[in-house]
Every structure is written in structure tokens, then in C-alpha cells.
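Bring the two chains, given one by one in their own frames, into a single complex with the hints.
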Amino acid sequence: MNPLALMTKSDIVFVGIAIMLLPWLYIAFWGDGNSGELARIQVGKQTPVLISLQTAQRYTFAGPLGNSIIEVKDGRIRFISSPCKGKQCIHSGWLSKNGDFAACLPNLMSITVSGHHPRFDSINF
Amino acid sequence: MRKFVLMHLLIAILVNSACSYQDRKNTTHNSQLLALGTLINISLWDVDENLADSVVHAVDNRLQTFHHDWQGWAPGRLADINAALASGMSITLKDDELKLLQQAISLSQSSQGLFNPAIGQLIGLWGFHSDNPAGPPPNDAAIKTLLHLNPSMSDLRLDDHELSSQNKAVQLDLGAFAKGYAIDQAVMIIKQNGIKNAIINAGGDLRAIGAHGNRPWHIGVRHPTKAGTIAAIDTQGDESIFTSGNYERFYVYEGQRYQHIIDPRTGYPSTGTLSVTVIHQDAATADAAATAIMIAGTENWQTVAHQMNIDKVMLVDEQLTVHLTPAMLKRIKFEHQPTIVLSNHSS
Chain D
1 MNPLALMTKS DIVFVGIAIM LLPWLYIAFW GDGNSGELAR IQVGKQTPVL
51 ISLQTAQRYT FAGPLGNSII EVKDGRIRFI SSPCKGKQCI HSGWLSKNGD
101 FAACLPNLMS ITVSGHHPRF DSINF
Chain W
126 MRKFVLMHLL IAILVNSACS YQDRKNTTHN SQLLALGTLI NISLWDVDEN
176 LADSVVHAVD NRLQTFHHDW QGWAPGRLAD INAALASGMS ITLKDDELKL
226 LQQAISLSQS SQGLFNPAIG QLIGLWGFHS DNPAGPPPND AAIKTLLHLN
276 PSMSDLRLDD HELSSQNKAV QLDLGAFAKG YAIDQAVMII KQNGIKNAII
326 NAGGDLRAIG AHGNRPWHIG VRHPTKAGTI AAIDTQGDES IFTSGNYERF
376 YVYEGQRYQH IIDPRTGYPS TGTLSVTVIH QDAATADAAA TAIMIAGTEN
426 WQTVAHQMNI DKVMLVDEQL TVHLTPAMLK RIKFEHQPTI VLSNHSS
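Line order of the protein sequences matches chains D and W. Just so you know, we're using our numbering here: the first sequence kicks off at 1 and counts up by one. Just so you know, we're using our numbering here: the second sequence kicks off at 126 and counts up by one.
One chain only, chain W, in its complex shape (with noise of 0.2 Å):
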């Protein structure tokens, strides 16, 4: 009998051990999409199959269109826009369209500039308005020409949905910002089939809700020069991670190295900064202010940060030091105690 009793309750906690095993393994449910011109990962926690399955559709199908309308060099619905204001002439917005320009108008003066879309000349004079660019990198003259037309959001003139310019150099590219505002669209839908616990994940800038079960999401920060991740942040609630860093898109020409960030002020690469990370809620802001904060530079990025409202971000300079507010310090756990300089600066 005890022989029984013992065997039969060493089969438990072994069948115990093995659901756990399983529940663990089998609760999220992860989709790939290629989509925005990279790979989008959807992590969905808790959700039946089927329902899992429509969703992550619905959210192909908005991407693709998103990625149609306003991808920076394809024709579309912003290659009709920037059409018409290198013209002169006036579009009419649809509301949606009003509420991205808007948002983009907001961030861009928040950010003193730094964010500034208008500058889309700029970038595809630098090549990146390449799936693959590879250089040569533009003349001096070239920059300096575009730079003194001085294109800006500031130049845009909203009259209801009439989309205008002053400024015919003005040319939109929202490379630094249309990741952010799918991704925020993407986790609209999701909420929208009453989805609490998800990731969408766009080419490794991501925004989370909820959480995985009884603990929160964990996600891994890349370090920006070496393999592998400099830190780890748990998610708490809903919470976009962005990171803007030199590494994402540049090419080698003639043995120098040009990345993808230009800096408004001077026309050339941003220089001085590794990369930057901000945990922001909504994703569009998260994604501006990253590149904002970037091209502020370690002289700068304070104060950009705190006009941006943005409480939580990281800056690895090209020493290796890492730059934190306090809100991020209490928030990040390094992979290996690097440098730390803190910020007295809060939002």
C-alpha cells in the first residue's frame, strides 16, 4: 500500500514537472510577417489559436498598407504628398493621414528640430533611400545647397485637411517615425480583439502590452558593438523599447563608414553616439525621440529628452560609456556593470 501511495505521488510530480514543462512552452503563440521592409515578430500570450490567426492578419493587412502608403522612396501616398508640395500645390489629407502629420509636426518641434522629416532630400542625397544603399557619399556643395534651403516641419501649413508647403524643399521622409506609428496601429488592432499580453516586434523596435502569465515580458537590449545584449528590461504594462543606433543601416565606401542617421544641423552623419534607447508608451514618440536624442548627442540629449517628455532613456556613447536618466537606471539591469554617467535631469 505505502509502495503505492509512493509511487503513485512520485508520478505526480513527474506529470506535474512535464505540464508545467509544456503550459510553458506552448502558451505564446509567435507569428513572423515581412513587413515595413523588415521582419515583424508577433509574440501573442494566452490567445486561442484561431483568434491568434485572424489577428495577426489583420495586422499583416494594415502593415502592408501602411508600408505601401508611406514608405519613403516608392510610389505612394506620401510620394503623391511630397508631388505636391515640391510643387506648391495643396493636398487634401484624409483623417488618418491628418493625425500622422500632425503627431510628426508635434515631435518634430518638441524635439527642437532634431526629428525633422522634412528633411527627405537630405537622406536620399545620402543614398539611404535604398533597400540596399552603398554609396558614393554626396559632395559638400550638394549638403551645403540643401541645408541652406532649410527645410522643416515649421514649413507646413495645415488648413483643416489641406496639406500645404512654403517651402518646396520640403520633402517628407518618416523613416524615423513610421516604424513607431505602425507598430502603435499594430497594437490597436490587437487590444481592439480584446489581446492584454502581446509583443510586436519591428525589426527589433518593439512595443508591449501586458504581460507573459505571472511575470512580466523580458526583453533583451543588443549591445550596440560586439554580439549578444548589453541589458534587460522588464516590461511593466504597455511600453514601447526603441533603440536608434549607428549600427541599423550605413554602408562602407572607400573604407569609410556612413550611417543612416543625418543630422539636420550640419547635413552629415550624427557622430559621438553609439546608439540610444528610450522606453516611451506610445511607439511613434518612442521611435522620433530615439532619433532626436541620437543626434543630440551626449552634449545635448538631456535636454531633448526632457522637451520630448521622455523620462527613460539610455545613451552609449562611442567610449562605451552609458548615459541614464534615473527613471531608465531603475529600470535597466546590465548584462556587465559598464560605465555609468547619470543624468540629474528628469522629466
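Okay, chain D solo, but in the shape it has when bound (with noise of 0.2 Å):
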């Protein structure tokens, strides 16, 4: 038996709109491609903080040298200015794709960018 003899229209309608659904559920909670779209901060022992990568924004944090500069615009983020003497964080550049880390260990500091899922489980460098 065609099941969707069983069916009525308004059956139809509905599990069209269920599948049309799916793609959508996918991105909101599985997708991430290859774009970050949030930064996780941290700063020593702190507690992470969380930045959209969506609102430009600078944001000044203390690290035990003293304070780092982060920039964020069109959905990425760098260093502009570090209290470290090599200035390696700052050379990094533009982070945005999900896994880009950059970290300021002097000041005891990282960037790691991530979308919905992460990327990786730990960086090595």
C-alpha cells in the first residue's frame, strides 16, 4: 500500500515542512563550516570569556604584564597590542576560522576561535 494513500493533505503539508525543516536544524545545531563565530578568551586562571565574533568591538584585558587589546571586526579577531616583548600574539594576525589560535603565553593569554562544534579537542604548538 502507497503510504501516502494513508496521508491527508494536511499530513503532506506537514512532513513537507518537517523535511524543509531539517537542513536548518542542521546548521543551528550541528554546522559550522569552516567559519568561527565565537572567541573563547583566556586569561590565566579566569574563567573563559565568550566574544561574538559578529560585533566589532575592542576589548582590553589585564594579564600579569599587563593589559592586551583584542580587536574584533567583520567576524575576526587579533592582537593589536600585547605588553610582551616578542610581540609573536600581535604577528598572528587576523583569526577566523574555527580552530585559529593565537596566544600571548608571557601574559598568559589565548585566542582559540570555534563555530558550533570545535574543531580540534587541544592545540599543540
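Honestly, I wouldn't trust all of these hints.
Residues from chain W that face chain D, not an exhaustive set, calculated with beta carbons under 7 Å [claimed, not checked]: (1) Leu159; (2) Leu164; (3) Phe375.
Output of the computed footprint for chain W on chain D, the stretches with three or more beta carbons under 8 Å from beta carbons of chain W [as the list claims (entries may be wrong)]: (4) 72-86; (5) 90-97; (6) 100-113.
None of these hints come from the bench; they were simulated from the model. Glycine included, each C-beta is placed from N, C-alpha and C at the ideal position.
Below you can see the structure in the form of C-alpha cells.
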């Protein structure tokens, strides 16, 4: 027996809407593509701070050496000022992809970009 | 009736989807510590919250004590040992201290002296006995004077628990080994508490045990010259992944960059290699091997890796060419396919 024969028109519309919702559900809960949406800022032992990459803003975080300044713009994030000597964190440039990572170990600070589903459980460097 | 069944089916799918999502988010317990002079991240999979807190607390205590005892440039047990060696006296080691130094001596021998914790004076001379090294670099005469004294781990003498040195120029600096040894200690605590799935990452170097549920732990390896990762590695069982890179600690003085990995043969920072990544079970060995292979450089790295029984190595040279052992090739996935030179040398 054709299962559609058991369904009324409203059943078919209902199931159709449910099927159309599936891609949205996948993207909303599981999908992340390769672009990051959030940045996780870790400073020393403090509770990590989550920052949206969708809102352009500058943030100042105080580490043991002094203040590090972070800029968010156009879905990207970067260190723009740091009290460390090497400035490796600043040279890392813009971070935008899920899994991108930069750290200023002298100032005990790190930025990890992630989407809904972090690409990595841990970063080796 | 049909609508009722369909409605419940749809609701069940949505609830299942949401629950699976929540499960994935909530079963890893992540903690951060400040220890060993760096950030420590501990990830525990599928562990009761109270147990996780108690284990993290125990690891924190162990790491703080370890750092106090073994930091190269602050008062502590290592400073006491170095003072005794410099004065030609012997010092009595505790069991755990003896074990640590025996492992350091053994690794130094197998690395052909490229991992040489006895060159503490040289590392201090370069200004890296500081949390924030700034230079200036030492002059050539001072470097040559220390090189001429030729301190090495083979100068140490162990008579039961009595440690002495026949070379007063030996000053121990365990910077290329202590982090790995401390991670091994932390993993021992984690295992002793019955936890089978965990990662401990200390400032970028890590040891992972078990898995993340029904998949392996997924590790990103940082690119040596730009933001993001160069490759990914899925861990298998109990493995440490350590990277030595010339980007880790350095200072710029009058426009010249000086990195912290000192070649004990020349007395100068090692050159030619951007980073070395190794996989090995125990973290202390991985730590020392990454340093020794980095110093060995593109010419000799295969020999040193073989001598140290390290079969999974990735070396990135200054042209960004990636040198791999066959065993590492099987384990690593690159973000973008680099130029690869495959070693024909395997341990």
C-alpha cells in the first residue's frame, strides 16, 4: 500500500515542512562550516570569556605583564596591543576560522576561534 | 490518529537531536590552571563533576610543587642541587629526584648530547632565565668561555642517591624536559583516580589518554609561521604530542631575533628549523626529543630521532618544507598539502 494514500493533504504539508526544517536544524545545531563565530579568551586562571565575532569592538584584558588589547571586526579577531616583548601574538594577525588560535604566553592569554562544533579538542604548539 | 503519531515522531526526532547536541557539549569537563609558568588545560571526558574537581585540584598541587622545585631560575630544590654541584659538593637525592635525573641523563645520552640540561649557565647567559627575556645577547667571548668548559650530563656522578659533578661548570636547566616530566606526573594522578579519557595540555604540549567518547581526541598542530593550524592528529590510546618551535620564546634586540633553543655544540640559538613535532607515549621523552631533533636540524634529525627511538616526527624547515618519518605520515592530516620530504629512516 502506498503510505501517501494514508495521509491527508495536511499530513503531507506537515511532513513537508518538517523535512524543509531539517537543513536549518542541521546548521543551527551541528553545522559550522569553516568559519568561526565565537572567540574564547583565556587569561590566566580566570574563567574563559566568550566573544561574538559578529560585533565590531575592542576589548582590553589585564594579564600579569599588563593590558592586552583585542580587536573584533568583520567576523575576525586579533591582538592589536600586548605588553610582551616578542609580539608574536600580534604577528599572528587576524583569526577567523574555526580552530584558529593565537597565544601570548608571557601575558598568559590565548584566543581560540570556534564555531558551534570546535574542530579540535586541543591545540599543540 | 495519524497526525498524533506523526506529531510525536517529529517531536521525538527534535528532542533526540537536541539531547545529542547537549550530550556532546556537556560530557567534557574542561579546567584551566596556571602552573609551570604557563596555562594548563585539562579536559576530562565523561567524569563525575566532583571527581573531576578533586583530580584537577590534585594535579594543580602536584604541578605547583614541581614548578617550585625545578624551575631553573628561582630558589628551590634545583637551585640547591646546582649550588652543590658548583661548589664541588655532593647532594643526597630523594627517590623521585633520582628518578627524574636518571631519566634526564639517559635522554641526554641517547640524543648524542643535543638535549643537554647541563648548559644552564649558557641559557642564563643568553637571558632566558627570565619570565620575560629581553636581551642583550651575550658576546662571543663569553659564549666561547662557557663552551670550553664543556658541561654535560656525563659529568654527573650518581653513587646510590648521592649526586655530584666532576665539572663545576655544570648547571642544570631542565627547561627542555621538566614540562614533559610534570605532564607525566599529572597523567599518573589522573589514571590513579580511575579516569581513562583525558588530555592535559601545558602551554601547547600535551598528553592524551583514551578517547573522546566513540572517537579519538582530535588535536590541531599550530602552523609555525602564521595563525591557525598546519595539521591535525588523532591520538591513539596514550600518546604525547610535543612541539619545539623557534616561535615559542625569543627576544628581538636591535632588530635581530634570538630564540631560546640553544645548540650546545655552538653556544648559539639553533638555526634552520622552524619547528619539530613528535609523538611518543611518555611526555618527558617527547619533550627532550623535540628539543634535540630541533637542534639536530635538517641534516641530522633522522639519526637523532632513531637514537632516541622516536618514530613519529615532523620537522618544518625555514622554507616551510615538511620532513616526515613514514610513521608520522600515516598519522598526520595537513590543512593544505605542503612540500613533503619523506624520511627513509624509521626507528
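Against the structure, the hints come out as follows:
For Leu159 (chain W), the shortest C-beta to C-beta distance to chain D is roughly 5 Å, which falls under 7 Å, so the interface hint holds. For Leu164 (chain W), the suggested interface contact is upheld, since its CB lies about 6 Å from the closest CB of chain D, less than 7 Å. The restraint placing Phe375 (chain W) at the interface with chain D holds, with a minimum CB-CB distance near 5 Å, inside the 7 Å limit. Counting residues of the stretch 72-86 of chain D whose beta carbon lies closer than 8 Å to any beta carbon of chain W gives 3, which reaches the threshold of three, so the coverage claim holds.
Coverage of the stretch 90-97 of chain D by chain W holds. Counting CB-CB distances below 8 Å, 5 residues qualify, and the rule asks for three or more. For the stretch 100-113 of chain D, the stated coverage by chain W holds: 8 residues have a C-beta nearer than 8 Å to a C-beta of that chain, and at least 3 were required.
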